[in-house]
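**Q** Below, each chain spelled out in residue letters.
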Amino acid sequence: MEVIRTEHLSKHYGPLLAVDDLNLSVKQGEIYGFLGPNGAGKSTTISLLLGLIRPTQGRALLFGEPVREDSFALKRRVGVVGEYQNIYGEMTAWEYLLFFARLYRVKEPRKRAGEVLAAVRLLDRRNELVGGYSKGMLQKLSLARALLHAPDLLVLDEPASSLDPYGIREVREILKDLNEQGKTIFLSSHILSEVERTCYRVGILQKGRLVAQGDMAGLRRRLSPEMHINVEFAMPPPLEEAALNQLPWVKSARWETPVQLRVILSADQDHRSDLLRHLTEHGAVPLEFNSRQISLEEAFMEITESNLASLAASEGISYQQAGRGEGL
Amino acid sequence: MNVPDRFYVAAIVAGRELRSTLYGLSLYLTLSLVLVTISYLGIGGAFFQIGQSGMAVLSNPVTGPFFLTSVLMAIYLGSGAALSFARERERGTAEVLFYGPVDSISYVLGKYLHSMLAFMVVAVLTSLYYLFVSALTGLQAGMNLLWFGILAIFLASAVIALGEFFACFVRRGMMAVVAYLAVAAIFILFSLVHGWMISIPGEQLSDTMIYLRIFLDRLDMVMQWVSPVAYFNRGQVAVAHGNAIAFGWTVAELFVYAVTLLACATLVLRRRGVRP
Numbered sequence: 147m148e149v150i151r152t153e154h155l156s157k158h159y160g161p162l163l164a165v166d167d168l169n170l171s172v173k174q175g176e177i178y179g180f181l182g183p184n185g186a187g188k189s190t191t192i193s194l195l196l197g198l199i200r201p202t203q204g205r206a207l208l209f210g211e212p213v214r215e216d217s218f219a220l221k222r223r224v225g226v227v228g229e230y231q232n233i234y235g236e237m238t239a240w241e242y243l244l245f246f247a248r249l250y251r252v253k254e255p256r257k258r259a260g261e262v263l264a265a266v267r268l269l270d271r272r273n274e275l276v277g278g279y280s281k282g283m284l285q286k287l288s289l290a291r292a293l294l295h296a297p298d299l300l301v302l303d304e305p306a307s308s309l310d311p312y313g314i315r316e317v318r319e320i321l322k323d324l325n326e327q328g329k330t331i332f333l334s335s336h337i338l339s340e341v342e343r344t345c346y347r348v349g350i351l352q353k354g355r356l357v358a359q360g361d362m363a364g365l366r367r368r369l370s371p372e373m374h375i376n377v378e379f380a381m382p383p384p385l386e387e388a389a390l391n392q393l394p395w396v397k398s399a400r401w402e403t404p405v406q407l408r409v410i411l412s413a414d415q416d417h418r419s420d421l422l423r424h425l426t427e428h429g430a431v432p433l434e435f436n437s438r439q440i441s442l443e444e445a446f447m448e449i450t451e452s453n454l455a456s457l458a459a460s461e462g463i464s465y466q467q468a469g470r471g472e473g474l
Numbered sequence: 011m012n013v014p015d016r017f018y019v020a021a022i023v024a025g026r027e028l029r030s031t032l033y034g035l036s037l038y039l040t041l042s043l044v045l046v047t048i049s050y051l052g053i054g055g056a057f058f059q060i061g062q063s064g065m066a067v068l069s070n071p072v073t074g075p076f077f078l079t080s081v082l083m084a085i086y087l088g089s090g091a092a093l094s095f096a097r098e099r100e101r102g103t104a105e106v107l108f109y110g111p112v113d114s115i116s117y118v119l120g121k122y123l124h125s126m127l128a129f130m131v132v133a134v135l136t137s138l139y140y141l142f143v144s145a146l147t148g149l150q151a152g153m154n155l156l157w158f159g160i161l162a163i164f165l166a167s168a169v170i171a172l173g174e175f176f177a178c179f180v181r182r183g184m185m186a187v188v189a190y191l192a193v194a195a196i197f198i199l200f201s202l203v204h205g206w207m208i209s210i211p212g213e214q215l216s217d218t219m220i221y222l223r224i225f226l227d228r229l230d231m232v233m234q235w236v237s238p239v240a241y242f243n244r245g246q247v248a249v250a251h252g253n254a255i256a257f258g259w260t261v262a263e264l265f266v267y268a269v270t271l272l273a274c275a276t277l278v279l280r281r282r283g284v285r286p
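So the sequences go chain by chain: A and B. Per the working numbering, residue 147 is the first one in the first sequence, and the count goes up by one each step. Per the working numbering, residue 11 is the first one in the second sequence, and the count goes up by one each step.
Chain A extracted, bound-state conformation (with noise of 0.2 angstroms):
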């Protein structure tokens, strides 16, 4: 079942185009990453899923149903962490989410609000007014709020953007604790390495556009036309650069010392198997095999940059003026 699902989704504001043409698909269970440069459209995006912002074509769709401002039912099922804590500081944490889970309509309120801010370690500051708190601390209250409510689909905005290690530890314990219940999340982030530790799946917007949308693996293969190895011995092995390079499955072998191999692998198929095959059968004793794939933070500016690149190349103008902002 879609839990989100875009249709051609496009805002514009006056002659800016914040969101063009979006076809974005997010399955139940799923943790989705939707990254993108700042001003990419993440945050537009996100408004026009929750019915904040009407668009300009298309629609939005949540759990299948058109969302609207007014569709009090639907947003009841959908927990969000915004890109900024806007929260009442006159309030304290208590009261806070007290407040929201009669909004909510939460049964046994006071029982989930000591729940929600027990998960999130703010517990025992619960009676200290709001507008005391950290940034931090801000961020997991809101996050508290959001889960309020046991929502079956969380929209987060940067939720570890103003986290120490720990916060930012905590949030994805949560996280993975709340998908393995069998909920949906949709997290925008910057941190890169989180989204690879958390997400499936990532979608990732620019100048509005998806322009790549997949999972880990499929994304890597796009953009990696092959695999790094490395791999080092205990003593130096029988085996000749040339024939190694006369596999069909090596692009590329050398010796950088008598005991270390550096291989580049074809990744048309997952071929280190054959390579630890050949390298047994020829008699040599690897120590360590390590295989290194490209990582998201790599296939995202490799995306995004490829991308620049190819819409400056379609303007006439140079990548370093369009992509890098150098001599304009």
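Everything labelled a hint here was simulated from the structure, so no lab data went into it. Treat the hints with care, since some could be wrong.
[Said to hold, decoys possible] Anything over 12 angstroms on all C-beta distances counts as not near chain A; from chain B, calculated: (1) Ile22; (2) Leu39; (3) Thr40; (4) Ile115; (5) Tyr139; (6) Ile160; (7) Leu199; (8) Trp235; (9) Val236; (10) Glu263; (11) Val269.
[As the list claims (entries may be wrong)] Taking CB as the label site, the calculated pair distances span: (12) B:Trp259 x A:Asn184: 42 to 48 angstroms; (13) B:Ala192 x A:Gly204: 38 to 44 angstroms; (14) A:Gly175 x B:Thr103: 50 to 56 angstroms; (15) A:Lys257 x B:Ser36: 34 to 40 angstroms; (16) B:Ala262 x A:Gly175: 54 to 60 angstroms; (17) B:Leu156 x A:Lys257: 43 to 49 angstroms; (18) A:Glu372 x B:Arg181: 40 to 46 angstroms; (19) B:Thr103 x A:Asp167: 29 to 35 angstroms; (20) A:Asn184 x B:Gly34: 38 to 44 angstroms; (21) A:Gln203 x B:Thr103: 29 to 35 angstroms.
Quick reminder that beta carbons are idealized off the backbone N, C-alpha and C, glycines included.
Fit chain B to the given chain A structure using the hints.
**A** Then chain B, alone, in the frame of chain A:
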């Protein structure tokens, strides 16, 4: 989405704000300041006249100060509604509400309910104060107090709705208050200037003054519908003359005025969005 759900949400939104207003000091400080000032000028003025002439010139000297206090507090709460409405958008707290089961109608209604409930509290305190003053001084309160009380509630309703309406067009709290007070001042000033102009006999007016008067008369035809001061004047005359039908009409007009402005505020908010 059903109507009871919307009212429930509006009540929750209003409840949070009302709690903050009633536990705060600003409402009571403002009310105290207004009561002291109006009592000094109104009740003190009545005693001065009694001292001068040996008799009470007004039959109900408490009613005027009561109504004026109510009107000033309605304007204060109207500016408070404008401030709260615009500031919530400015700070983004309104957006967080709209993530959940809140829409433009329930939000506008919640804000309006809050200000009206706060006004009810003010009206009760003001009534108790002037009844106490009446008992203490022997100055008659009379039945007019009740009619002026009803008129004040409907007038406050219109004035608060006006505050919300103006707040929909701006995204800065202070801007909303300034715009609201500026419009309120224009309405009051127009009523005073027009009242003064029509009190001058025609033969004493210069050509320029005549043209100005004709212009103000034309403008007054519009003001009769858009300015709460015009409703205030009509209501006051109806109570003074004991004209129940005219009073009923004025109250009904004020109700329609408030509903129209709230509906417009809802439409504007829906169109402009709640994002800061």
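**Q** With reference to the structure, classify each hint as holding or not holding.
**A** Quick rundown of the hints versus the structure:
Residue placement check: Ile22 (chain B) does not keep its beta carbon more than 12 angstroms from all beta carbons of chain A (closest about 5 angstroms). Against the 12 angstroms criterion, Leu39 (chain B) stays outside the reach of chain A, whose nearest CB is about 17 angstroms from its own CB. Separation of Thr40 (chain B) from chain A is adequate, the least Cβ-Cβ distance of about 18 angstroms exceeding the 12 angstroms criterion. A beta-carbon of chain A comes within 12 angstroms of the beta-carbon of Ile115 (chain B); the shortest separation is about 7 angstroms.
Remark: the non-interface label on Tyr139 (chain B) is consistent with the geometry, its nearest Cβ contact in chain A lying 28 angstroms away (cut-off 12 angstroms). For Ile160 (chain B), the shortest C-beta to C-beta distance to chain A comes to about 32 angstroms, beyond the 12 angstroms cut-off, and the non-interface label holds. No Cβ of chain A comes within 12 angstroms of the Cβ of Leu199 (chain B); the nearest lies about 36 angstroms off, and the non-interface call holds. The Cβ of Trp235 (chain B) lies farther than 12 angstroms from every Cβ of chain A, with a closest approach of about 30 angstroms, so its non-interface assignment holds.
A cut-off of 12 angstroms between C-beta atoms confirms that Val236 (chain B) is not in contact with chain A; the least separation is 28 angstroms. Remark: the non-interface label on Glu263 (chain B) is consistent with the geometry, its nearest Cβ contact in chain A lying 30 angstroms away (cut-off 12 angstroms). The claim that Val269 (chain B) is not at the interface with chain A holds, since no C-beta of that chain comes within 12 angstroms of its own (minimum 19 angstroms). Range check, Trp259 (chain B) to Asn184 (chain A): Cβ separation about 58 angstroms, and the 42 to 48 angstroms hint is violated.
Range check, Ala192 (chain B) to Gly204 (chain A): Cβ separation about 41 angstroms, and the 38 to 44 angstroms hint holds. Checked against the hint of 50 to 56 angstroms, the C-beta distance between Gly175 (chain A) and Thr103 (chain B) comes to roughly 32 angstroms, which is inconsistent with it. Checked against the hint of 34 to 40 angstroms, the pair Lys257 (chain A) and Ser36 (chain B) passes, with Cβ atoms roughly 35 angstroms apart. Checked against the hint of 54 to 60 angstroms, the C-beta distance between Ala262 (chain B) and Gly175 (chain A) comes to roughly 56 angstroms, which is consistent with it.
Hint check: Leu156 (chain B) to Lys257 (chain A), Cβ distance near 48 angstroms, so the stated range 43 to 49 angstroms holds. Range check, Glu372 (chain A) to Arg181 (chain B): Cβ separation about 52 angstroms, and the 40 to 46 angstroms hint is violated. A hinted range of 29 to 35 angstroms holds for the C-beta pair Thr103 (chain B) and Asp167 (chain A), which are about 33 angstroms apart. The hinted window of 38 to 44 angstroms between Asn184 (chain A) and Gly34 (chain B) holds, with their beta carbons roughly 39 angstroms apart.
Take Gln203 (chain A) and Thr103 (chain B): their Cβ atoms lie about 30 angstroms apart, and the range 29 to 35 angstroms holds.
Comparing the model with each earlier hint shows violations of hints 1, 4, 12, 14 and 18; every other hint is respected.
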